[in-house]
Amino acid sequence: MALGTHALLQRDVEFARLGLVVIDEQHRFGVEQRALLRGKGGAPHLLVMTATPIPRSLALTAFGELEVSVLDERPPGRSPPVTELFRDPPGGARGLEAARDALVQRVEQGHQAYVVCPLVAASDAVAASDVEDTAARLRARLPGKRVAVVHGRVDPDTRAAVMEELRAGLVDVVVATTVIEVGVDVPEVRVILVEHAERFGLAQLHQLRGRVGRGRARSWCLLHTASAPGSLARARLEVLAATSDGFEVAERDLELRGPGEVFGTRQSGALGVDLHAGLVGAGVHEIVAAREAARALLREDPALARHPALREELASRRQRRVVYAAEAG
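First residue of the sequence shown? That's 1 in the numbering used here, and the numbers climb one at a time after it.
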């Protein structure tokens, strides 16, 4: 058994007899990466796991590529965090200021917190907050509190030491990039602020939100956005503010972005009107039930001889897909 990170994808990693591939946190792997790992040994069984199915996962479920097991209950002793969305007005940063005010208030009340930024350091090319500047600002506003920094440029031993100090109550705020997205379990931390949340995917944001709410006490997820009213980015964040259900988040993501390509590598985007329309509005349970009904019908009537209307409709859709594929290049 080999347990590893993306390092297992390296071409010089070979298996003599690969029988099972398990991919955890599916949304963190690209289509080609998952295919490369699965292709390292004949035709191994495949198990993928995720708390937030990406649009492509729902599409593959609908088209019969994946069997689905749904775990729709929270682990015992956990309560969903309260999610608040702080919006910047056009041309201003008052939303970010308000979000940091809310964070500071809760830290002053004795709560520990995470702050997630898109950048490690300031960039002229990207208008977004960074870890170094945010940590400096919070240290100035929270005298007497310890603010630590964690990101990909910090060596692993130091990162591990910071997280142990957080768990021991010696650190009040950890300002980080998405390195804390998975594998971090500190139930005492009850607040997370994600700055410029429009720069992260819905699955990623849902995972970040999962860093809090890991106990019975009330917790908060503060999302700041500089996205424009009416934009797709704003609409996607409104989804997170409205629900903490990972399946519902995935279904709304599918509706907003499309399911991606069946034979390509895009994990979102339109498949064509017929294919997309059949998925939008359908939940995971409905997709699985519909697929099982289709399988049962084909077992009884493989040629659809007793269902001529369905046979004609499928032939018509097949022809429309051929036309769509030709137009798409």
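Careful: at least some of the hints might be erroneous.
Claimed, not checked - Derived Cβ-Cβ restraints for the label pairs, each shown as a range:
#1 P143 <-> M1: 22 to 30 Å
#2 A98 <-> V126: 20 to 28 Å
#3 G42 <-> E286: 31 to 39 Å
Read the hints as simulated data drawn from the structure, not as lab findings.
Cβ coordinates follow ideal geometry from the N, Cα and C atoms, glycine included.
Each hint, compared with the structure:
no.	hint	verdict
1	P143 <-> M1: 22 to 30 Å	49 Å, violated
2	A98 <-> V126: 20 to 28 Å	22 Å, holds
3	G42 <-> E286: 31 to 39 Å	34 Å, holds
Of the numbered hints stated above, the single one contradicted by the structure is hint 1.
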